[in-house]
Amino acid sequence: MAEVTLPPRDGFRLSQLLYDARYRSLTIQVVAAMLLMLSLAWLVDNTVQNLAALGKDFSFAFLWTTAGYDINQQIIPFSSQDTHARAALVGILNTLVVAFMGCILATVIGVLAGVLRLSKNFVVSGIMTFYVEAMRNTPLLIWILIVFAVMTEATPQPRDFREGGGASMILWDSVAISNRGVFVPKPVWGEGSGLVLAVFLLSLAAIFILRRVARKRQEQTGQQLPVVRLSLALFFLPTLLVFFVLGRPITLDYPALGGFNFVGGIQIRNSLIALWLALSLYTSAFIAEIVRSGILAVSRGQTEAAFALGMQPNRTMQLVILPQALRVIIPPLISQFLNLTKNSSLALAVGYMDVRSTLGGITINQTGREIEGILLLGTFYLIVSLIISSLMNYYNSGVKLKER
Amino acid sequence: MKKSILLGTLAVAGLTAGIASAQSTMEQVQARGSLKCGSNEGLAGFASPDANGNMQGFDVSLCRAIAVAVLGDAQAVEFVPLTSQTRFTALAAGEVDVLVRNSTWTFSRDTDLKLDFVGVNYYDGQGFMVRSDLGVSSARELDGATVCIQTGTTTELNLADFFRVNAISYEPVPVATNAEGQQQYLAGACDVYTTDISGLAATRATFEAPGDHVILPEVVSKEPLGPVVRHGDSAWGDIVRWTLNAMIAAEEYGVTSANVAEMAAAPTMNPEINRLLGTEGELGAMMGLSKDWAVQIISAVGNYGEVFEAYIGENTPVGLARGLNAQWTQDGLLYSPPFR
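Those protein sequences? They're chains A and B, same order as listed. Here the first sequence is numbered in the numbering used here, starting from 1 and rising by one per residue. Here the second sequence is numbered in the numbering used here, starting from 1 and rising by one per residue.
Don't read these hints as lab results, they were simulated from the structure. C-beta: ideal position from N, C-alpha, C; glycine also. Check before you lean on any hint, since a few could be wrong.
To be verified - Computed footprint of chain B on chain A, listed as stretches where at least three residues anywhere in the stretch have a Cβ under 8 Å from a Cβ of chain B:
id, segment
1, 54 to 64
2, 71 to 79
3, 183 to 191
4, 240 to 248
5, 367 to 375
What the hints assert, rightly or not - Computed beta-carbon distance windows for the label pairs:
id, chain 1, residue 1, chain 2, residue 2, range
6, B, R140, A, A61, 32 to 42 Å
7, B, P81, A, R136, 27 to 37 Å
8, A, V175, B, P81, 35 to 45 Å
9, B, L134, A, F236, 27 to 37 Å
10, B, P81, A, A256, 35 to 45 Å
11, B, Q330, A, S79, 55 to 65 Å
12, A, T27, B, P49, 54 to 64 Å
13, A, W64, B, L134, 51 to 61 Å
14, B, N166, A, G258, 17 to 27 Å
As the list claims (entries may be wrong) - Only part of the chain B face toward chain A is listed, based on derived beta-carbon distances under 8 Å:
id, residue
15, G144
16, A145
17, A160
18, V175
19, T177
20, G188
21, S234
Only chain B is shown next, with the shape it has when bound in the complex:
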């Protein structure tokens, strides 16, 4: 008993040593010269290495945008691949500065886990994927099915709720990573693979014959996915939140990576754009960033819509429609608070 306590406390002391220092996250990132970003260990379109081994994707772009805002360099990011089980512990222990890993914003994670979800970069919902030759057209027909599920996720809880509420039975097959779930599903060890619909689409895009698999129409949960930081460093949370908002606002005002240099050269007719791009006011300085922080983000990474289309949009293998993730002006939910 004594020994296990000793080892436990040793481990805890080691894990939390990073937090004990008085430096703010911002100072730590600047001293290190790179941003430690907790990312998915591999999910096509969201975070996966390209042919040259560079991480790229929708979530990865947000990490790069934060790095641009804080360090002025989109490449100054150290990606830490985390599983669904290890992600929050790694963030709480200070192993990563920010977590952008398809993580659902929930009440208990925000409060009890002492994390701060600073925004939503993808409005998602949980769905089910099955082989089309099973002839299943609704998730309510899945009585007795074997379901592959990533452990340590909200989808695990939604799954239990969905089958209990509909009074049908299922057999859960827990898997640790998306890759393992994909392998089990393709081997037929489970009939159904369930995760967020964006994740299903991304996974299906990597199959040999994506057309043989259907995503069932039911969306059984709300899964607002967004970047997460630790409780207690609000200044750092502000930087992450407004980096995301800058990308969303830029799309709303039509600022793209192509025209941002031109728009930032001189004040435009739209004062909102001027404040965003730093040609009017001192918004960057209020967060301890440079005046042209948003210009740098948009020219290096692009606005929200550009990033969406480049990695997960309808012209990519993942092929997701904007849906809820359209601007509020186009019946979506994206709504950046004003830059003022």
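Looking at chain A on its own, in the form it has when it is part of the complex:
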């Protein structure tokens, strides 16, 4: 009788959960998940109990009550009689404005600084090294305060622009730099200005098409079109032509002194300038390092090959190095954009009315709804960050190495 050795089948024992490698990891995960949920439940319960002890309820109804305060920089109209929700919206728009402007300027400065830091010229690379190290090794708040202090203390007051005040407007009396902000002319859209705008947009589209045509032509025939000159002509000529034919429908409203302050024109407040410049300068230092690492990541052989083909250094950078470097640059660049957006919440330090100052500052203070306000604020920043990173990831999927 042949003996058959079957594995022992005496059913499932509880101890197997811990001592059997097949179940152990699952057991640990379930226990960890339960502990996490328990601690979460404890936190929520603790909050609810403490709120009850204080006699406070949890409600978002305060958003629909009258705000009662004014906001200086408004992209959409806002008065003190509007609701807290609208005040939050005004703040959100202000946050988005400074974040958008900051991301663009930071990228421009960052790319320049990053490329220049690799320059063979000792002075240029030295200056850029100093810039990058000085910027990224000091706290952002200090830069915001420095720029703001320079803007308020070193620029003249509006009343100094009066006769004998010692200050004057620049650029043919059209721009005033004062300690309340920079006043620039405001375009006034007269009758027919829509047509001018339409022509301008059409010529932008024409430039885009021209560039595609030129590239295709070069790829097929090797002949180059004078793209730059043609683009410049397309950019200016049609728009200017329509502008003068229609009798100059767009005029400028120049800022002028009136009463206490400049009236007319657009006021770019010091708080916005300080926040924008400081955020851009600070973040650009990090972007410069990312760009530098991206460029260095492209193998030296690529440059040598391009040179061997007789390409100029700047064409090599444009056509060979940067496109490959972008693959390395984009992913860390996303987090710098996210950082910049979230760092804009330091706006309160210079009185810039972003969402942290309206919803997260004055509204919370006037209504006493700390938890609700901070939750809304956190949700807003989370959503904005997710949108930014998904947009950038979409772009990244376009430039990244196509693996087939």
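With chain A fixed as given, assemble chain B onto it according to the hints.
Showing chain B alone in chain A's frame:
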């Protein structure tokens, strides 16, 4: 989303942990051996450090008086400087035991914010300060002006109301602290600085040339400033309220830091004074304090009038007249309920 909730609740749990304990505020203060008093981060005359770094001022004196009543030591106070934005959150979260920081008593703060204003130590109103060379004589001429304003205050709301009702425009420049507002105003980044008139006077007193600035005649709001405690601990609220009342009553009955020892030595002819000073009745024990609590307060800190004259009165740089803050017997609003 999940993460932000987690962090939010963590923060809340941390903040409110102090309240969850069953101890009363009085027991906490006595166990700690010091009073945590939320104070202004620096306002001349009301709360500011002297040359030796000791906090002193009109509001500070009330904190010291409470410390004397509860702990018997005017120095047993831990001052927590709070901005106008953080003050109520700090109080509600139990970071301070009492808030004496030029805070205006309003309906919604008393009810919705779950705070208790236990009295008024200074009747104030909101005003405007401008440079005298602007040639402005009334706040109604401020159309188009740029106004520096501390955020998170009642003055911010009054300001909006005042300009809206008078149909004139203005540009608000929000600042976080009085010091920042002062710097912006002096740099000319704003034409007008607005806050409570007492605060304007205190700020102007620290200027290099106070005479170059005028406080406009308009008083655009009622700003009763007073000490604040949390909802829910009435016994503690009583101690703060009657500490303030003891100082006011002492002035009314002529009890000063100079003569209080003499008056408390033996019962006087005035039974009200006797009950206040503990030579008759057991008023201190009713609040869980010693019999001579008021004597200690007055000898260590002084009565209301003495404190007023020492820090913000007409002989100080702040130079405020008693005005509404005189005793009711002298056409003011100070009126302590009877000690009985």
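Quick rundown of the hints versus the structure:
Counting residues of the segment 54 to 64 of chain A whose C-beta lies closer than 8 Å to any C-beta of chain B gives 3; at least three are required, and the coverage claim holds. Counting residues of the segment 71 to 79 of chain A whose beta carbon lies closer than 8 Å to any beta carbon of chain B gives 3, which reaches the threshold of three, so the coverage claim holds. With 0 residues having a Cβ less than 8 Å from any Cβ of chain B, the segment 183 to 191 of chain A misses the three-residue criterion, and the hint is violated. Remark: the segment 240 to 248 of chain A is not confirmed as covered by chain B, as 0 of its residues place a Cβ nearer than 8 Å to a Cβ of that chain, below the required three.
Figure legend: the segment 367 to 375 of chain A, annotated as covered by chain B; annotation consistent (6 residues with Cβ-Cβ distances under 8 Å, at least 3 required). B/R140 and A/A61 have their C-beta atoms about 36 Å apart, which keeps the hinted 32 to 42 Å range intact. Remark: the range hint 27 to 37 Å for B/P81 to A/R136 is upheld by a beta-carbon distance near 32 Å. Between A/V175 and B/P81 the beta carbon distance is about 41 Å. The supplied range of 35 to 45 Å therefore holds.
The given range of 27 to 37 Å is broken by B/L134 and A/F236, whose C-beta atoms sit roughly 46 Å from each other. Under the hint 35 to 45 Å, the C-beta atoms of B/P81 and A/A256, about 43 Å apart, fit the expected range. Separation of B/Q330 from A/S79 is about 43 Å and departs from the stated range, judged on CB atoms against 55 to 65 Å. At about 60 Å, the beta-carbon gap between A/T27 and B/P49 stays in the expected band of 54 to 64 Å.
Between A/W64 and B/L134 the beta carbons are some 40 Å apart, a value that contradicts the proposed interval 51 to 61 Å. Remark: the range hint 17 to 27 Å for B/N166 to A/G258 is upheld by a beta-carbon distance near 19 Å. Residue-level restraint check for B/G144 holds (minimum Cβ-Cβ distance to chain A is 4 Å; threshold 8 Å). A cut of 8 Å between beta carbons decides the hint on B/A145: the least distance to chain A is about 4 Å, and the hint holds.
The restraint placing B/A160 at the interface with chain A holds, with a minimum CB-CB distance near 4 Å, inside the 8 Å limit. Look at B/V175: its Cβ gets to within about 6 Å of chain A, closer than 8 Å, so that hint holds up. Taken as an interface hint, B/T177 does not check out: its beta carbon lies about 11 Å from the nearest beta carbon of chain A, beyond 8 Å. For B/G188, the interface hint holds, since its Cβ comes within 8 Å of a Cβ in chain A; the closest pair sits about 4 Å apart.
For B/S234, the shortest C-beta to C-beta distance to chain A is roughly 13 Å, which exceeds 8 Å, and the interface hint is violated.
Consistency note: the structure conflicts with the earlier hints numbered 3, 4, 9, 11, 13, 19 and 21.
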